Amino acid sequence: MSEVSTNLAEIQATRGEYQAAIELAMCNAVQNRSRRDWYRLAYDLTNLTSYCLLAADNRAASGAAREVLPLVAELDDQQASVIFADSLALLAARAGALEMAASLKGYEEHYYVSNEQTRETIERRVHEALKGLFAAAEADGTLSGAKRVQLMQAGAEMTAEAMQQLGRTVLAKIG
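Numbering-wise (the numbering used here), the sequence shown opens with residue 4 and increments by one.
By construction, these hints were calculated from the structure, which means they are not laboratory data. As the structure is a prediction and not an experimental result, all values here were calculated from the model. Hints are supplied without guarantee of correctness; some may be wrong.
Claimed, not checked - Here are the computed lysine-lysine pairs in the DSS-like style, where the Cα-Cα straight-line distance is at most 30 angstroms:
# : residue 1 : residue 2
1 : K134      : K150
2 : K176      : K134
3 : K150      : K176
Whole structure, please, built from the sequences with the hints as guidance.
Below, the structure written as structure tokens:
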């Protein structure tokens with residue numbers, strides 16, 4: 004039943020019904036916490052982080068990110084780590100930590116390129132929102148394209164542990 008509910012939340016988010024997706028993801032998280040299903044909880048919280056970001060609720064996204072980071076580290080699941088890194092990158096960029104965001108983006112981008120993976124709809128929306136922030140930063144001189152590329156290349160070489168440490172730094176920075 005939990006998987007069906009997770010899929011329903013994803014459908015709602017794909018339709019742009021972010022509040023409904025958020026509410027369902029929160030219910031899923033409660034159920035998976037009570038079941039001690041840490042794997043599904045990690046995915047529900049990762050999705051919740053993305054849905055909150057797309058709903059422009061950075062505070063709620065930060066709260067979900069704080070809870071999921073230790074789970075992602077403990078489960079050692081590369082796909083969850085990558086999806087989470089992209090959401091963390093958007094959260095960092097919105098907080099003005101563009102260099103950290105670029106490093107996280109490099110970590111995420113490397114996975115998709117090297118594994119010939121494609122992003123699902125919500126992941127593409129997070130990706131596009133981040134691209135827009137990077138473009139704005141380049142246009143206003145906050146972060147040059149060359150510096151962003153350099154940081155993304157360094158991020159591509161990060162280990163999962165290094166990405167998680169950077170995630171902790173991002174979350175500490177944004178308070």
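Structure-based check of all given hints:
1. K134 with K150: Satisfied, since the Cα-Cα distance of roughly 15 angstroms is no more than 30 angstroms.
2. K176 with K134: Satisfied, since the Cα-Cα distance of roughly 21 angstroms is no more than 30 angstroms.
3. K150 with K176: At roughly 21 angstroms apart (the allowed maximum being 30 angstroms), K176 and K150 satisfy the hint.
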